[in-house]
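A.B. asks: Chain by chain, the residues run as shown.
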Amino acid sequence: MSQEPRAAGSPTPNPQSPTPVDLSVNVAGIRMKNPVMTASGTFGYAQEFEQYMDLNRLGALVVKTITRLPRPGNPPPRIVETPAGMLNAIGLQNVGIEGFIREKLPYLRRLQPPLIVNVAGESVEDFRELTKRIGDQEGVAGIELNVSCPNVAGGLDFSTDPQLAYRVVKAAREATPLPLIPKLSPNVTDIVAIARAVAEAGADAISLINTLVGMAVDVRTRRPRIGNVTGGVSGPAIRPIAVRMVWQVARAVRLPIIGMGGILTAEDALEFMIAGATAVAVGTANFIDPEAPVRVIEGLEQYCTANGIQDVRQLIGSLEIPLGIDE
Amino acid sequence: MRATVAFNRQISPAYLQLGIAAPAFPATFRAGEFVMIRPSWVGDPFLPRAFSIYRIFTRPSGGASSAGDAAPVVEILYKILGRGTQCLSRMEPGQEIEILGPLGNSFTLPDDLGQAVLVAGGIGVPPIAALAAQVAQIRNSKFEIRNLDVFLGGKTSEDILCLKDFEEAGAGVHITTEDGSLGTRGLITDVLRPCLLTPHASRLTLYACGPPGMLAAVAGLAEESGVPCQASVEANMACGFGACMGCAVEVKGDGKSYKLVCKDGPVFDSREIVW
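Going line by line, the protein sequences match chains A and B.
Quick note on numbering: numbering that gives the first Met the number 0 labels position 156 of the first sequence as 155, and the sequence is numbered without any gaps.
Quick note on numbering: numbering that gives the first Met the number 0 labels position 263 of the second sequence as 262, and the sequence is numbered without any gaps.
No lab work stands behind these hints: they were computed from the structure.
C-beta: ideal position from N, C-alpha, C; glycine also.
Worth double-checking, as some hints may not be accurate.
Unchecked claim - BS3-like, lysine-lysine: derived pairs with alpha carbons at most 25 Å apart:
(1) A:Lys32 x A:Lys103
(2) B:Lys251 x B:Lys262
(3) B:Lys255 x A:Lys103
(4) B:Lys262 x A:Lys103
(5) B:Lys163 x B:Lys78
(6) B:Lys78 x B:Lys154
(7) A:Lys169 x A:Lys131
(8) B:Lys258 x A:Lys103
(9) A:Lys103 x A:Lys131
Stated by the list, open to error - So these bits of chain A aren't anywhere near chain B, every CB distance computed over 10 Å:
(10) Gly138
(11) Val139
(12) Glu297
As the list claims (entries may be wrong) - Pairwise CB distance ranges, derived in the manner of DEER restraints:
(13) B:Ser256 x A:Val218: 28 to 36 Å
(14) B:Thr57 x A:Gln111: 34 to 42 Å
(15) A:Arg109 x B:Arg202: 41 to 49 Å
(16) A:Met214 x B:Pro211: 19 to 27 Å
(17) B:Gly113 x A:Pro105: 40 to 48 Å
(18) B:Glu95 x A:Gly307: 28 to 36 Å
(19) B:Ile10 x A:Asn25: 54 to 62 Å
(20) A:Pro176 x B:Lys255: 32 to 40 Å
(21) B:Thr107 x A:Arg222: 34 to 42 Å
(22) A:Ser122 x B:Arg202: 55 to 63 Å
Required output: the full structure, derived from the provided sequences and hints.
C.D. replies: Shown next as structure tokens:
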């Protein structure tokens, strides 16, 4: 029996290994091998997770908020379970920027995924200084600006006023050439107005969303269930709100969006990407399953394979709204 | 890690004993360590719950049995107090369950330990029973049987658990109940106090686990009598491994400072904590 010589360069058909899916995305110059990162405040400084998962599988790493000085955090109780989620008021407990550079950064630098450091200031000048100091460090790929932590007294919330948000991002912009990613609060009437303000101030991407301000009461003692009285709600309970905000901002602002809010599975992540997110972050799910980000990455790949999608970027903003529906 | 419910049975009107067959779990643990447990589905309740490990045993794998039979079985004791434990109480043998651990630190037995005094209130008993078993194992070389005393307290006789374990460990058992239905009527500290305020107390170490009020009172007694005390404390906890920073406990120091129950504890030197 003779075989026809195969034409040079033609692909070898091999049903065992279908064309590999390209999961890589690029968020404001940060190259990620897949669109899955960790949400700040839910992943510590990564080392807490090393025994549970291969950290190098992550698309990018976002670590817990750093402030100028160390913060002890809020009095307990700091967390309580709520329907399909949790309420927290940790109070930005952290070792401060110098402690971070000394104690945490050397470990993080040795990991492969691009590192995004999250910072929070108490003033516009704080943000400028923090951004400059972090921006000068080796091994930092981008800076997420926490303009929206709901759990700290003293006017830390810069993201409910477009002008304040603008000033914070503008100051940070002047301090570093690194990609800047403000993380916006959902506790606003018009998320698009805030997103436009930070875009105009020079943001490179936008993280959506931080927690929603909430409260829970112990009816037996008539006391608030957390020490800070109010806290931030996270988990699947807030996902529909987050997806809606990603969709609204994606249509209004030409910046990549990192979508987050209650992502537990690949299907949840896909919702965000189809609504317009370039990348996603897994947050509260890390607490209940430290391998959750890996499961999301694997699920994304399976979805793409099953649906004949060769490049995950095809999904971004691919939402189809039936004809005749008035948006 | 994915595991299976081996058994889930009532041991008294309000308390249950849950066994979880977890193939990837270590076969040994140190008294005081804990696990995070949740059903394998995600939803309500959303967060896993923390439980001290009571015992771990490895079932002998018979010839005809399935491979899972050789898995270590992690045992916890629990009381139905809220949604989490209610849901747990409905789980049946064979159902899938998620378990993470062993987590946290453990009780430590100093080399020069003269007499161990164990104190447990209500559902705080599992790590104390585990510690008694651990002491019993090494006591031949280091301790005399009479040097292990256990103080158990509860509201009623139904809250007094694990008596058999303490007898097997050769411990002297002292029981108090608030209603007097078993042992001495009163609080655990009423009975504990005279035992600590003796000239022999210098070689004592206290080991305690129970409700916050009891722990604070025991820590106060320890301070008063100059006896070292290791206390296992509890807190609301989302992850169990130091990521959420939810389980803060205030410790003495300059200004406000906190430690994490999951990572720095659950066992603390009682003098370290702001009670």
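A.B. asks: Please list, smallest to largest, the hint numbers that this structure does not respect.
C.D. replies: none
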